[in-house]
Amino acid sequence: MAEQLTFSCRSISEGAGRGAALTSQHSLCFAMCDPTTGTVIEKGHSLDCQSVAGRVLVMPSGKGSSVVQADGLYRLIINNVAPAAIVLERPEPVIVSTVIAMEIPLVDEVDPAFYEAVENGDAVMVDATAGTITVTKAGAGAAAPAAPASA
Amino acid sequence: MELTTFEQEMLDGKYGEGMALAMKVQVGTGRAFYAKRMVPITRAHVAASAQQGDIYFVTKLVDAGARCIVPPTTNPSMDLEYVSKHLWAMDQFGIDNVTKSNEAYRRIGAIMTLNCTPELEKNVPAFGEVVAFSESSATPYVNSVLGARSNRESSISALCAAVTGRVPEYGFLLDENRKAEVVVEVEATVEEDFDWHLLGYAYPQVYKGGEVPVFTGITKRATPEGFVQFGAELATSGSVAMYHIAGITPEAPDVETALGGKEPKARVTITQADLERVREQFAGEAGPIEFAMFGCPHLSIRQIGEAAAQINGRRFAVDTWFLVSSLTLELADRMGYLATIRRAGGHVLPDTCMDIPGAWDVYYDRPGVTESQKCAFYCQVYGQRYAVRPFLQGVEAAITGEVH
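Taken in sequence, the protein lines are chains A and L.
Going from the first sequence to the numbering used here is simple: count from 1 and add 56.
Going from the second sequence to the numbering used here is simple: count from 1 and add 1.
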């Protein structure tokens, strides 16, 4: 039986999503992702060259000018390479309103123990509506869950 | 968050699905920031940027019946007719995006100003007014220079605010969040417009935090254009949406008042060397240029007049574009500046942004000159290699065909 850990969180954009964890030291502007693959193309970013497609994106906050965040995320969605869910440390107005409008699950105020536990590649289920995050450790023999809605 | 009966009905769909969606975004954002209630706005400024994500959302709202309770002004898009006649035949993708965007914004009830300096003309809030302004260079101006109250809005949240006529009450709408927490000692010369560009870009490089800063040591008030550029660069280099300048901006008669009587979290110093570093970062290569692009944010009639005077009977050596509002174009015509600039081979272009995907492809991967670090930063993705110069030095470069 794989080790499963459940953490509380606060729902900002409702819904549920699951995927492998992708943790970032830096905040991301979705316009800095290749719209066809979801690969981050920002030089010096901790996610540079990694794809957000189907992942549960764990990052500090959002950044970028008032329009490009929405446009960037929209293009990821229409190409089926958007993140499955987003976990933020600090909400920021532009990313919050964008993600609610684009209907991607978004949570914050996660139990601090989550950040100790989660590692890249862990299978993560974010249930924003229920206010829970479940982490299945990658090293514990868990099958990586399929990214929802990926082609 | 507590909603009034009317607001709850909006959210529940009594006034249509479009209104309900706009309210859902607003209420969700308000909850994220622990807003206790919604408050009415008197003005809004939205995007109309012809970008795909923006077109998707405005179309979704308007097709679901949303109409703006507070008609917003809009950011620039593209003057298709002028660009098609004088630059190149844009591809159908670009034409369709601009057309769809304009049509959707007109239908939802926006005022098609197509200009990114609403704080200088057509949508100027007064002290204390609660507004929703999305252009990242306009938000710091209305908060800091005018003393109106806007949060840093996305294109989406500002449009939702225009539709519902309200915003969640949090952030810069509340007195306690408008106080400075960082004191910035400016030990550099800040007098000309271009000094404000440099200071605006330099500050977020020196201090990364998101707290409200109060600048001190500045004795000369910026011109309106200087303040516009200062906000534009603060929002490009960082995401500063509110600042004070001691003795100059209205909520900062002095540093202590700006701080609200509290001790600052941090004190930082900006020196001449910090400004020079920004100047060098954006200096580009000296030598021949192939085009000149001015007006990010849009130029004022004062700047167009100065450009016309700089020409002094000569002609532009390269394609030269001055981006302005439709009002500034009309004034330039009345003042004779338009004739002077056109006779020299330059273009005064209304309603247009230099960052509209698909519009300016002919200059991609080419060297040019601009007065704006913001323009140089965002247009990097197109491979445009800009040398940034003070405005009239840039105009001179466009006349001689090379930057020094």
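Keep in mind that a hint or two might mislead.
[What the hints assert, rightly or not] Quick list of in silico lysine-lysine cross-link-like pairs, DSS-like style, CA-CA up to 25 Å: (1) K180/L with K123/L; (2) K15/L with K86/L; (3) K99/A with K119/A; (4) K266/L with K209/L; (5) K263/L with K119/A; (6) K119/A with K25/L; (7) K123/L with K119/A; (8) K61/L with K86/L; (9) K123/L with K101/L; (10) K180/L with K263/L; (11) K61/L with K180/L; (12) K99/A with K209/L; (13) K86/L with K123/L; (14) K209/L with K263/L; (15) K209/L with K119/A.
The set of hints was computed from the structure by calculation and includes no laboratory data.
Exercise for review: Check each numbered hint from earlier against the structure, then list the numbers of those it violates in ascending order.
Suggested key: Checked against the structure, the hints that fail are numbers 1, 2, 5, 7, 8, 11, 13, while the rest are satisfied.
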